[in-house]
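Student: Assemble the whole structure, with the sequences as input and the hints as a guide.
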Amino acid sequence: MRGHGALQLGGLVLILPPLAAIPGGTITLRDARSGTAREVVLEPFLLGRTQLTQAQWHLVTADGGSPPSAVGLPAHPVTWFQAVKFCNAASQRAGLAPAYRIDGRSVDWDVASDGFRLPTEAEWEWAARAGSTGPVYGELAQIAWTAADSVAGPKPVGLKHANGFGLFDMIGNVWEWCWDYADTARYGDYRSLRGGGWDDPQWSARASVRRGSAPDAVLEDVGFRVARGPVGLPGAGAAQGWSAAADRERAAVKGPRPVGWTPLRGL
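First residue of the sequence shown? That's 183 in this note's numbering, and the numbers climb one at a time after it.
Rather than coming from a laboratory, the hints here were simulated on the basis of the structure. Remember, predicted model here, so these are calculated numbers, not experimental data. Backbone N, C-alpha and C define an ideal beta-carbon position, used for all residues, glycine too. A few of these clues could be false.
[Stated by the list, open to error] Okay, the calculated beta carbon distance ranges per label pair:
#, residue 1, residue 2, range
1, SER288, ASP213, 23 to 29 Å
2, ALA334, ALA279, 39 to 45 Å
3, GLY277, GLN324, 35 to 41 Å
Tutor: See below:
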């Protein structure tokens, strides 16, 4: 893989969050809503040591606004669509093949791309646990900004202790978008969020907790971190615990559906 997040911008070098090399391995993902569990075998990949910051967002998007005054704060609120567009913009500026093909609300992931992207849920949880087996990778007060800290918003990244892979704020501070759909049978095009935020109680600050929201939802406690790494063959519709076929199969609800379910159509 080329580089570790260095972008050449017309003579200026922009450093995205340094990327940690995450080893491959096997993780068991559990879904409390469906009462199911599945084993996922992961290829090695790269993941930002911190959540993307407002300053890094500003430099890549070059939206003409004033640079952020609070250096180090995570970029927030960020929609899922904004996150994938940012990843493509960062890839293009770094001379990498963009990971996503975006057509309106339709987004396809090229799993063979070396460009910046969002992690899958399996990648995120494997990276968050870093070999630990409990709900958190350390004493919560030392690793995460949560409601117990009584803060009014996110804090600068990297102030708490890192996990075993050298990743900061995997729990708390801001929720992080992942690539996967939350549940194509129940929640339409909602995408998955992981990690918890600064106002979440202790029970919600766990490596396994998941939440979903609309890809265009503007949520004050939501940001993301970038991943990189080709993890499949060109044209493959599955990688790192995600499968387009599984998304379609789950969305194909047959017969009467429970009240409130909104299966995703057109996959």
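Student: Now, for every hint given, state plainly whether the structure supports it.
Tutor: Results of checking the hints against the structure:
| no. | hint | result |
| --- | --- | --- |
| 1 | SER288 <-> ASP213: 23 to 29 Å | holds (25 Å) |
| 2 | ALA334 <-> ALA279: 39 to 45 Å | holds (41 Å) |
| 3 | GLY277 <-> GLN324: 35 to 41 Å | holds (39 Å) |
Hint compliance for this structure: every hint is met.
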